[in-house]
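Chemist: Construct the complete structure from the given sequences, taking the supplied hints into account.
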Amino acid sequence: MVPTTPSPTTPEAPVTVRLRSRLVLAFTVAGAAMGGLVAMAIGPTAAWLMTRLDSPPTLVEMMDQVRLIWSVPVLMVLGAVIGLWVSSARDRRVGRLTIDSQTVTVDRPEGPAAFQHRDITEVFLDDADLVLLGRAGHELARTPAEDGLASELKEAFTMFGLPWSGTTDPRDVEFHPWVDRSQELDAEMHAMLRDRRRALETGDAAQAEVLRDQLAAHGVMVRDRAGGQQQIRILPG
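Residue 651 is where the sequence shown starts when you use the working numbering, and the numbers rise one by one after that.
Be aware that one or more of the hints could be misleading.
Beta-carbon label-pair distances, calculated as ranges [stated by the list, open to error]:
hint : residue 1 : residue 2 : range
1    : V736      : Q766      : 32 to 38 Å
2    : A800      : R821      : 42 to 48 Å
3    : E802      : T701      : 51 to 57 Å
4    : L850      : T708      : 20 to 26 Å
5    : Q864      : E802      : 45 to 51 Å
6    : P820      : R768      : 41 to 47 Å
7    : M712      : A739      : 44 to 50 Å
Everything labelled a hint here was simulated from the structure, so no lab data went into it.
All residues carry an ideal CB built from backbone N, CA and C; glycine is no exception.
Modeler: Here it is as C-alpha cells:
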C-alpha cells in the first residue's frame, strides 16, 4: 500500500495524541473511592482484631482509635493521589505520538524516533500496540497504545493523508510462536531473541526495543503478548 499524498489542505500545526484527560480523571476518582472504602473498613477490621487477639499490636490499637470523620477524607485524598500517580505512569507507558506535515514522531523507552511520511506504508493498532509499517512489510515502530485511542489515532493519521488500516494487523496470520533453536532462524537471531526475552523479564524496556530494532533489520518482526515475547514474523529473504 502506498501512502496517500497529503492534500493542499493538510494542517500545518502538529497533532499530538496522548492519554486522554478523562481517563486521568477516572483513575483519580477510582483511587479516591478506594481510599474511602478502605477508611470505612478500618474501624470494623480493627474492632474484630481487638476481640480476637489477647495482646493486640500497637498498630491495631491505633486503627481502633481512628475516627471515621478523619480517616475518610485523608484516605480519599491519598487514594486520589495514588490514582493520579498510576494514571501518570500509564501515560508514560502509552507515551505520545506527534504528527506534522512531514514526520511522525513516536515516544519510545530509549527516546523519541521520527519517521518520514514517505516511508510509512501502513498504520494500525495490533492488540495494545500502535504499528507503523515501512516498505516490504518492515516494522518501523511498534509502541504501546490504548484501544480507546483508536478514533483519535485514525483521525490524526488520516488528517495528514497517512494510510490508516484499522485495529487489527493485516498480517496477523503470518505471526507464529518463537521456538528457540529452531531451524527457521540462525544462531545469531536466536541469541538476540533470547537476549530480548531476558530484557523483558528484567524490565529493561529500552534494551528490548533496541533488540527489536536489530531483529527487524534482519527481517524478524517481534510482538509481545501478556508482557512476554511470544510471536515472530519472518520476512522473505
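Chemist: All hints are to be evaluated individually against the structure, with a verdict given for each.
Modeler: Quick rundown of the hints versus the structure:
no. : hint                    : result
1   : V736 x Q766: 32 to 38 Å : 35 Å, holds
2   : A800 x R821: 42 to 48 Å : 19 Å, violated
3   : E802 x T701: 51 to 57 Å : 54 Å, holds
4   : L850 x T708: 20 to 26 Å : 43 Å, violated
5   : Q864 x E802: 45 to 51 Å : 31 Å, violated
6   : P820 x R768: 41 to 47 Å : 20 Å, violated
7   : M712 x A739: 44 to 50 Å : 31 Å, violated
When held up to the earlier numbered hints, the structure conflicts with 2, 4, 5, 6 and 7 and fits the remainder.
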